[in-house]
Every structure is written in C-alpha cells, then in structure tokens.
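Asks: Please model the entire structure based on the sequences and the hints provided.
Quick note, the sequences are listed as chains A and B, same order.
For the first sequence, position 92 matches number 92 in my numbering, and the numbering has no gaps at all.
For the second sequence, position 78 matches number 1078 in my numbering, and the numbering has no gaps at all.
Calculated from the structure, these hints are not laboratory results.
Virtual Cβ for every residue (Gly too), placed ideally from N, Cα, C.
A portion of the hints provided could be inaccurate.
To be verified - Examples of chain B residues lying across from chain A (beta carbon under 10 Å, computed):
#, residue
1, I1013
2, T1051
3, A1072
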Amino acid sequence: MSGSTILFYLLAALTLSCGVLSVTTRQIFRAAIYLLFSLIGIAGIYFWLQYQFIAAVQIVVYAGGIAVLIIFSIFLTQQAGEKLPKQKIGRKIFSALAVFCAFALTMVQVYQHEFSNIVTDAAPATVRNIGEKMLSTEQGGYALPFEVISMLLLAAMVGCIVIALRSKPETK
Amino acid sequence: MTLEPGLYHLLFISTALFFIGVYGFFTRRNLITMLMSIELILNSVNLNFITFDKYLWPGKMDGLFFTLFIIAIAAAEAAVAIAIIINLYRSHQSIDVENAEDLKY
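Replies: The structure is reproduced here in structure tokens:
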C-alpha cells in the first residue's frame, strides 16, 4: 500500500461522501459547500492522474466560478437558515432503489467487460501539446470547436443579461 | 480486482457520482439543488472521459478536449440556469418546481 494508493482512496472517499451529503442535507447552504468540496476532490483526482491542466481548469471554473455563482444565487433567493421542506419518504425510497439498481447494473456491465490494451504508464499531456492541438487546423485539430465555444459563451453571456434584466415598471 | 487503483476504480467513482447526482435530481424539489445535482452528473462524465483518455487512448488527447469543452459548456449552462432561476424568483417568490407551473408569465 503505497502513499499514492492511500491518497487515491482518500480523494475518492472525499469526493463520494461530499457528493452524497450534498444531495441529502436539508440545509441548502451546506449542500453548496459540500458540492464545493466534492468538486475539489475531483480536481485532486485529476492531479493524481497527472492531468494538471484539467485540474487547474476544474478548480478555476468549478470551485472558483460555478460554486460561487450557486452560493450567490442562494443568498439572492433563499431566507438564511431556513431548511428545505421534507420530502415524501416514499419518493426517497423509490429514488434510492431505482438509483441503486441502475448503479449495480452499470457496475456489473463494467466489470464484465474486458478492456483491451490498458496502458498504465503513459506520458501525460503537456500544456504545450494541449495548446498546439487546440489551435491546430489540420486533421484532428480542435480550432473549429474552440471558436464555436467562444461564440457559445458570448451568446450565453448576452442571454443571461437579457433574462435577468429587471423589466421596466408598467406605470410611471 | 486489485487494490492498486486503476481503470475500474475510476470508473466506479465516476458511476457512483453519476447516480448520486441522479438521486439528487429525483428527490430535490428546489431548482438550485437540482442544478447542483446536474453539476455532479457533468463532473462524473468529465472524470469518465479523462479516465478513458489516460488508460485506453493515451497520447491522443481526445478525451481531454471533450472534458475542456464540457467544462466550458457547463459554465455557460450554469450561468443561464441561474439567470432563469433568479427571474423566476422575482415573478413567483419561490424557486420550487411545484410552484413553477405556468407556461408564460
């Protein structure tokens, strides 16, 4: 049992336990904080896999951006300290049962499948490789999706402003 | 099954996280918590792509780019969803899905 193995199991436990707490706790602010720790755990797993660039993007976008956005929207729409209403126990049991069955089915399928040529000691992609491939216009390059994503982000930004704009008062 | 972490362990984490998100989506009735469940689901998909990129197609970087683009689209999706939620809160004073049943307001 090497240090790397122990670290992996710790990160996995952090991610999964915080994920479970995030969907089961009845205080919405705590749910957001648990979600934040779950996302940080996933970033740790990316670091463990030696995908440093993806881990950095995960921390910047998810832990830094989306979690803060969710916390802000909780402050804007929720009375502080108020618990979420209790759900029907039947719905909870049914959901847990359905989810557990689907999980078991998927895991049985995964373990029965023999993946061919698993590589365990591949060289990790460097940031230089990622940048070159992202802006490459040749076969297998990602320049077009990159530009399309930039247009999508612009459209989403304009759309957010239009949706959240306070409508004008009717009478003056 | 060995104790050494590998492809199957990562697939286990990814699948478990996906179904935790699905459970949250089934049981929650508050729009923000449902959005959180969707974020968990998207993250499990990202982890799956990275796992396959590392263990099955190393050096090709396709899974890595899919993950990058999914993260970008998830950020855009979260921003739009929160704008819609805040607008809904202004018109209904509630972000419970049971109360949001009008088609046009």
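Asks: All hints are to be evaluated individually against the structure, with a verdict given for each.
Replies: Against the structure, the hints:
no., hint, in the structure
1, I1013, "5 Å, holds"
2, T1051, "8 Å, holds"
3, A1072, "5 Å, holds"
The structure shown violates none of the earlier numbered hints.
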